[in-house]
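Visitor: Chains as they are written, first to last, in our numbering: chain W, 134 to 278; chain C, 134 to 278.
Among the clues, some could well be false.
Just so you know, same-sequence chains aren't split out, so a pair can sit in one copy or run between any two.
Unchecked claim - Okay, derived cross-link-like pairs now, DSS-like style, lysine-lysine, Cα gap no bigger than 30 Å in a straight line:
#1 173 x 135
#2 139 x 250
#3 250 x 135
#4 162 x 173
#5 162 x 139
No wet-lab data here; the hints were simulated from the structure.
Protein chains: 2
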Amino acid sequence: MKISTKGRYALRLMLDLAEHNTGEYISLKDISERQNVTVKYLEQIVTSLTRAGFLRSQRGNNGGYRLARHPSEYTIGEILRVMEGNLEPIACLENYPNDCPRAEECVTLPFWIGLSKVINDYVNSYTLQTLLDSASELAGNTYMI
Amino acid sequence: MKISTKGRYALRLMLDLAEHNTGEYISLKDISERQNVTVKYLEQIVTSLTRAGFLRSQRGNNGGYRLARHPSEYTIGEILRVMEGNLEPIACLENYPNDCPRAEECVTLPFWIGLSKVINDYVNSYTLQTLLDSASELAGNTYMI
DNA sequence: TCAAATCTTACCTTTTTAGTAGGATTACCA
DNA sequence: TGGTAATCCTACTAAAAAGGTAAGATTTGA
Chain W
134 MKISTKGRYA LRLMLDLAEH NTGEYISLKD ISERQNVTVK YLEQIVTSLT
184 RAGFLRSQRG NNGGYRLARH PSEYTIGEIL RVMEGNLEPI ACLENYPNDC
234 PRAEECVTLP FWIGLSKVIN DYVNSYTLQT LLDSASELAG NTYMI
Chain C
134 MKISTKGRYA LRLMLDLAEH NTGEYISLKD ISERQNVTVK YLEQIVTSLT
184 RAGFLRSQRG NNGGYRLARH PSEYTIGEIL RVMEGNLEPI ACLENYPNDC
234 PRAEECVTLP FWIGLSKVIN DYVNSYTLQT LLDSASELAG NTYMI
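Can you make the complete structure from the sequences, with help from the hints?
Guide: Take a look at the structure:
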């Protein structure tokens with residue numbers, strides 16, 4: 134019942150890009166240094182995010198990545214689902230409703246459906262912007278003397 | 134982000150024992166036939182549940198297992214946590230608060246703590262009895278003509 | 001044309017998952 | 001008192017997933 138490192142790092146990468154969301158392309162080298170994750174591993178992660186249409190990339194010298202949309206237009210749920218495939222707590226729910234013959238009589242199925250709902254509702258209720266805002270509150274920068 | 138088969142089967146095993154909660158000891162052979170899980174695999178599962186004090190066992194001929202408490206006194210959360218170790222969505226939270234030096238400044242930590250809370254609150258809000266009751270409603274036995 | 005970046009494909013090691021196998025021990029019961 | 005049906009205990013194993021690493025091709029700005 135764990136989110137993989139790819140999911141966690143993807144979230145940090147997206148937040149990093151959101152923090153530096155100037156329209157410029159940010160290199161993986163920069164992100165790697167700030168987030169302490171190797172460029173090679175980040176490459177795997179951005180491949181998924183770019184294919185999902187979440188990032189724009191620029192090859193060549195001074196290339197890099199930037200967000201395709203505004204930070205408020207990404208839910209944390211969709212970012213995690215790109216990396217994890219889905220956030221269903223059991224395999225039965227991955228392509229529900231499916232052909233399981235026990236579904237009608239399955240006592241535990243409604244319970245698992247409910248668990249899936251609280252998880253997905255929660256992660257869908259946060260956006261990159263939400264987390265950025267709570268971050269600046271955390272740092273208290275706004276009110277520092 | 135998946136509950137293992139051990140967690141899922143443990144829940145079905147506990148529900149099976151709750152349905153046949155007459156005070157008699159129920160053999161794994163019976164449970165195996167009803168739940169379609171091998172006796173050998175069930176043995177592994179009951180070992181954990183017995184050591185956790187959730188089951189009483191009786192060895193020898195006509196032996197088996199029964200619940201140690203009333204079905205209303207088991208939350209689904211505690212059953213799953215025995216089998217899974219814990220239900221934390223990321224490793225950082227397994228022994229939180231811990232020594233992570235980034236905790237203070239970690240933007241994502243409060244988000245993960247919130248996710249852990251909705252998951253654990255949900256699974257703690259159901260008991261074996263709750264599921265049994267919804268099962269009999271599902272079957273509609275009470276009101277059948 | 002060089003350097004710095006992305007892109008692509010392949011590979012590898014470790015851990016976890018999902019079991020299976022064999023036999024020892026216990027206790028009811030005829 | 002001996003057979004049988006159950007739990008108990010220790011080990012093993014195959015497959016899949018997790019968590020990366022490696023090498024090099026391609027692109028592009030300066």
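Visitor: State for each hint whether it applies.
Guide: Hint by hint, here is what the structure shows:
no.: 1; hint: 173 x 135; in the structure: both (23 Å within a copy, 27 Å between copies)
no.: 2; hint: 139 x 250; in the structure: both (23 Å within a copy, 22 Å between copies)
no.: 3; hint: 250 x 135; in the structure: both (17 Å within a copy, 14 Å between copies)
no.: 4; hint: 162 x 173; in the structure: within (10 Å within a copy, 51 Å between copies)
no.: 5; hint: 162 x 139; in the structure: within (17 Å within a copy, 42 Å between copies)
The structure agrees with every numbered hint stated previously.
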